[in-house]
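J.: What follows is the residue order along each chain.
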Amino acid sequence: MRTKQLFIVASALMVSPALLFGAGTISGKVTYTGTPAKQKAIDMSKEPSCAKQHTTPVTTETVVTGPNNVLENVVVYISAGAPDESTAPTQAVTFTQKGCQYLPHVLAMRTGQELKVVNDDQTSHNIHPLAKVNREWNKSQPPGTPPLSEKFDKEEFISVKCNVHPWMHGFFAVLKTSHYSVSGENGGFSLPNLPPGKYTVTAWQEDYGTQTQDVTITGNETKTVDFSFKAKPY
Amino acid sequence: MDGRISPAVFLPENPVSSGKMRGRMGRLFAIVVTVIALASAVPIITHHWFWSDISFAPPEDISTHGHAIDDQLSDTMVEAGLSFLAAQILLGLFVWKSAERKSTDAIKTFPGGARIMVIAALVLVGTEILALGVLGQKAWANVYFKPAAPDALQIQTQAGQFAFYFRYPGADGKFGTPHPDKIDEGNSNFFGLDPANDVESRDDIVTGELAIPVDREVHLMMHSKDVGHSFYVRELRIQQDFVPGLDLSVHFTATKVGKYEIVCTQLCGLGHYNMKAYLNVLSQADFDAWMKQKASEQ
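Which chain is which? The protein sequence lines are A and B, in order. Read the first sequence against this note's numbering and you will find it ends at 301, with the numbers running on by one and no gaps. Read the second sequence against this note's numbering and you will find it ends at 349, with the numbers running on by one and no gaps.
Same shape as in the complex, but just chain A (with noise of 0.2 Å):
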């Protein structure tokens, strides 16, 4: 019984070194005051092996709204105070070409991380982020391709598009922390495991841009910090 106990708690501190200091997390809500663009549909009938995916219209993700005004496919991370992390995370992050979309629409990764495309359709694509800092690429992937594999070096937020479907639209936020998180559903994040320290948050939106906030961490603590961007009419 012992043995059990003491095992669970050596692999709660190697999976977590921070507990051993006390961890803090910051969470909190994204929201928007006014009234956000309408999404356009998307008419994907020059494409019938996608179009007949979907029972319900596809609109564009440019704003992903939620009940009570919260934001969805914000990214979130610590900007600066983090702890400096040498390596990146060994498991891979998975983007996937679905019905002539791209699941996630926002896909946060670490630089350095293994990032895997994979093509669900019965149709080729093109991937093509849209880099400035990294290096630019795009990727031909015919319907039954095994799964791209890429990585970014440098931190940026790349726009990515599909140069054989003008309407498939997503966003890569490379980002030199593993402390970050994308709003939810609910618009909910969280970033957990932190030590005490000064930290700052920014929050970015793809068509609001971006907000920062200071939080100190002291101890084993939740700090809650909420952002709420203005929205945009058109």
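Think of the hints as simulated: they come from the structure by calculation, not from any bench. Among the hints, a few may not be true.
[Said to hold, decoys possible] Calculated pairs, BS3-like style, for lysine-lysine (alpha carbon to alpha carbon, straight line, at most 25 Å):
(1) Lys183(A) x Lys228(A)
(2) Lys327(B) x Lys107(A)
(3) Lys107(A) x Lys225(B)
(4) Lys228(A) x Lys233(B)
(5) Lys105(A) x Lys233(B)
(6) Lys327(B) x Lys165(A)
(7) Lys297(A) x Lys233(B)
(8) Lys105(A) x Lys343(B)
(9) Lys233(B) x Lys199(A)
(10) Lys233(B) x Lys107(A)
(11) Lys107(A) x Lys343(B)
(12) Lys107(A) x Lys345(B)
(13) Lys345(B) x Lys119(A)
(14) Lys105(A) x Lys225(B)
(15) Lys228(A) x Lys327(B)
[Unchecked claim] For the chain B half of the interface with chain A, some residues (derived, Cβ under 10 Å), not all of them:
(16) Phe215
(17) Asn238
(18) Gln349
Everything numeric in this text was worked out from a predicted model, so none of it was measured. Where is the CB? At the ideal position from N, CA and C, for every residue including glycine.
Chain B: place on chain A using the hints.
T.: Only chain B this time, still in chain A's reference frame:
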């Protein structure tokens, strides 16, 4: 044998029978030429590859101007076909006639000999081509020199790698000004509209398919976003290039409800094979409903 090779090595021994042989070969060749010419006309006349079921006939014409183009093509085919057959049969006749020509007979060459024949051929071919041009000018002029009716439905189409997009002016009947720098495909702003500042663009309807009402003239204004493309609808008998930097247009009236394919027929890059859209010819009531639906999606 003084060092030269005897002709006997190459020629059959009996000069009389060899002349006869050449004569027979010549006649056989004349017959083969004529048979090939006649046989090759069969698939063209019947629109089938000999006894197969696969038809070469053009698809049904759904436009008001298409019959003139079909007639012109058909006239050209008949005319060129008859000229081809006549030329091949004439060739066969001459081969037949000259099958037993002796090597010492004079050969007529131009200039000098066959002047009348050459002039006759020039006049014949010239008349043929001129006649086709004169007969066809009406079909051409109807599409390119006659402007669209003032009350034609105005639609804009933009070709870009690798999709067509269409824009309807909306309730105000006016197109908003496109701004190339504002083109944002990820945000579905394919025409670079600026609704924040440009009131006219706010009700513009942008779609990926070309829906039109049946029996109403459409004035399609075309421009390219990037490279050369082409707008081709077989059933409409329209094929018009997009040329970057040029505003071109076509006008047509579709006469049959249905869904037809619009394809790009100008090699435009990697995704050219996949550059297509659909032409949806609807009844006026269906078109109005479609328009309302699309307006609500903008």
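J.: Compare the structure with each hint and give your call.
T.: Status of each hint after checking the structure:
1. Lys183(A) x Lys228(A): Status holds; Cα separation ~16 Å.
2. Lys327(B) x Lys107(A): holds (21 Å)
3. Lys107(A) x Lys225(B): holds (20 Å)
4. Lys228(A) x Lys233(B): Holds. Lys228(A) to Lys233(B) sits at ~16 Å (cutoff 25 Å).
5. Lys105(A) x Lys233(B): holds (17 Å)
6. Lys327(B) x Lys165(A): With a Cα-Cα distance of about 20 Å, the restraint between Lys327(B) and Lys165(A) holds, given a limit of 25 Å.
7. Lys297(A) x Lys233(B): Answer holds: Lys297(A) to Lys233(B) is near 21 Å, not above 25 Å.
8. Lys105(A) x Lys343(B): This hinted pair holds, its Cα atoms lying about 17 Å apart.
9. Lys233(B) x Lys199(A): holds (19 Å)
10. Lys233(B) x Lys107(A): Holds, at about 16 Å.
11. Lys107(A) x Lys343(B): holds (15 Å)
12. Lys107(A) x Lys345(B): holds (10 Å)
13. Lys345(B) x Lys119(A): Satisfied, since the Cα-Cα distance of roughly 18 Å is no more than 25 Å.
14. Lys105(A) x Lys225(B): holds (21 Å)
15. Lys228(A) x Lys327(B): holds (19 Å)
16. Phe215: holds (8 Å)
17. Asn238: Constraint on Asn238(B) satisfied, holds at 5 Å.
18. Gln349: holds (6 Å)
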